[in-house]
Amino acid sequence: MQSGVLQLQSASLYRDEQLIFREISFDLKGGDHLIIKGNNGSGKTSLIRTLCGLTQLTEGSVLWNHSPIDDIGSNYYQHLAYLAHSNSLIPELTLLENLTYNLHRTDLDQDHSVFEEFQLKQSMNSPVANLSNGQSRKAALSFIIMSGKSLWVFDEPYANLDSQSIVYLNQRIAAHLSDNGMVITSTNREEAVPTTNLEITMS
Amino acid sequence: MDLKQIYKYGSPPQYFKLSLKSENWFLIPGIFLMIIGCVGGLFIAPPDYQMGDAFRIIYFHVPSAFLSMSAYAYMAGAALIGIVWRSNVAFSVAKSIAPFGASFTFLALVTGMLWGKPMWGTVWVWDARLTSEFILLLLFLGYILLHLSIKEQKKADLAASVLALTGVINLPIIHYSVVWWNTLHQASTISKLSSSSITGDMLWPLLVMIFGYGFFFWGVICRVVASEILKREKRSKWVEQYIKELR
Amino acid sequence: MRIYPQLFLRDLKVSMKRWSDFLTGMIMFILVAFIFPLIAGSDQDFMHRIIGPVMLLSSLLASLISMQNIFKPDLINGSLEQLVLSRHSLNGLIFIKILSYWISSSLPLVVVSSLIASAYYVTGIDIIKVMLTVLLSTTTLVNINSLAAALTLGVRYPGALMTLILFPLSLPILIFGSKAIEYSILGLDSSGPFYFLTGMMLLSFSLGPIATAFAIRISID
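Each protein sequence line maps, in turn, to chains A, B and C. Residue 1 is where the first sequence starts when you use our numbering, and the numbers rise one by one after that. Residue 204 is where the second sequence starts when you use our numbering, and the numbers rise one by one after that. Residue 451 is where the third sequence starts when you use our numbering, and the numbers rise one by one after that.
So that you can see chain A by itself, here it is in the shape it has in the complex:
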């Protein structure tokens, strides 16, 4: 898989003069898995959102292949798949429709085995609003796994997941990493995460 380098350089974020985080730096290459640990309210989500370009840093910069992501825009976004707290699913549409109209869908990977592994096959035609929290989470995760993008950014992927699905998700992450992909995971459930080479603890 074609990959790139994601760099965060001495990043600080303030909101209304209130410090969220400061002076965070890291380099992420193909095959790297970055874990962002920390308690609730420690700024994990803010950090992840700045990595996606949704929130502007107060100081420092996010670089993709050595260019600021604000300048290259779509060249960065074509590699990025982001799982937010909300699952980014449209509750009125069925799971299948959500998949059909997913804006990040790439046609290379139409392997529906992910849905089988997550036990979603029988729910494909029910509206997302009727799914349980865990099921919606798994559906959103499947879309990221199927997106064919190289940089996966997960905000609390293990929330609401049963142990079987956690195992499967970790398998897919490992496969993605060995395929030269990159993963960023934020979590406060440390027991679920596989060991990794990169780690940030927010406080």
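Take the hints with a grain of salt, since some may be wrong.
Only pairs whose alpha carbons sit at most 25 angstroms apart, straight line, appear in this in silico BS3-like list of lysine-lysine [stated by the list, open to error]:
1. B:K358 with B:K224
2. B:K357 with C:K467
3. B:K354 with C:K522
4. B:K220 with B:K440
5. A:K121 with C:K467
Simulated from the structure, these hints should not be mistaken for lab results.
Here the structure of chain A is known, so what remains is to put chains B and C in place on it, guided by the hints.
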């Protein structure tokens, strides 16, 4: 060091000192000119042959109206600079202008209505200028309320600035459509005020008043901008130092 | 490049599921139009005189009601962020979104306006002109409204604020739209107002999505 950084961090203390210093350079001439203008307009200028002394309210109405329109342009200009360079100072200027622009617009409306009473026998006429003034007031209020209702300072600045810019694109369209609508309904009533019917000794106090208002406005804005910068930078080192020096 | 039709179809489909929002707008449109003859008299001359302002006023209120929800549900369910993270231009995506929202919120109003025009004793070709006016003015209103909705995304009760933002910006449309209908019915040359409305439609569709996209980036930060 790129331009963005310079604007963001380099300048607030300088701008703060600049606006404190220049405050009096605007305020004193402004008050001086306004006194001259008042004397000239209220005592020296001859009464209008048709309206008598009632016409003298134009010495307050016209400068207010003039200033309200230009205040919106200044605000939009500051908003544009703020958006382009993400300059906190420019946003402070835009935010500080808004309530004063609204006040002068309100003043223009009230004096317009007071003038209308003896002129037309009623306080409100659906005349193009008054109506445009009213719409300008709504644009100012929209900016102020949008700014107030968004919690986070940076977001509020940006969103309100987008609104100010939209307003400035629309303002000419609004003005001309109101004028067009108005000409269909009634002949323009204010043409008496057009410069041809104003004599020299009536005109000079008006010009003096317009300049006086302008200087006074900028003097006040300098002070408000200074306090706005102080408020926004309250956690930074230079403010701490400045307060120590004051003591 | 299939993403634009894809987003277009998705939004239409979602709108169909959220039909009650649009029905509320439609009911508002009809009620405002029907209340004037009931309370102010219904002789033909009077009705012909007021149909222009009434059509524009009801379009304004109808779009105000349905437009509050153009971005808010997407913000809550998280799909708005995914639009920003798309590799396609956000301006283009927002353009598509506004267009599809116009189709589901305002195109029905254009159809209904023909019935209202008949109820106002308008006949023949003038009915078409009333429909054309509603069509041209709602396109601009939708664009102004989407900007107002995007700017007030972070506000808890945006209704009143949106009205305050919307009113001055939409005034030219209301004036010229009313005149377009009035001139048509009086048998005068109405091409001037129609040209103006068309110009405003083009202007708003070229600037509206850009301003809205910018406002969305601000609001989701």
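* Asked: Between B:K357 and C:K467, is the straight-line Cα distance small enough, at 25 angstroms or below?
  -> violated (36 angstroms)
* Under the criterion that the straight-line Cα-Cα distance not exceed 25 angstroms, is the pair B:K354, C:K522 satisfied? -> holds (17 angstroms)
* Restraint check for B:K358 with B:K224, where alpha carbons must lie at most 25 angstroms apart -> violated (30 angstroms)
* Does the structure keep A:K121 and C:K467 at a Cα separation of 25 angstroms or less? -> Holds, because 23 angstroms separates the two Cα atoms, which is no more than 25 angstroms.
* Do the alpha carbons of B:K220 and B:K440 lie within 25 angstroms of each other, as the hint requires? -> Distance of about 15 angstroms is within 25 angstroms: holds.
Of the numbered hints stated above, those contradicted by the structure are hints 1 and 2, listed in ascending order.
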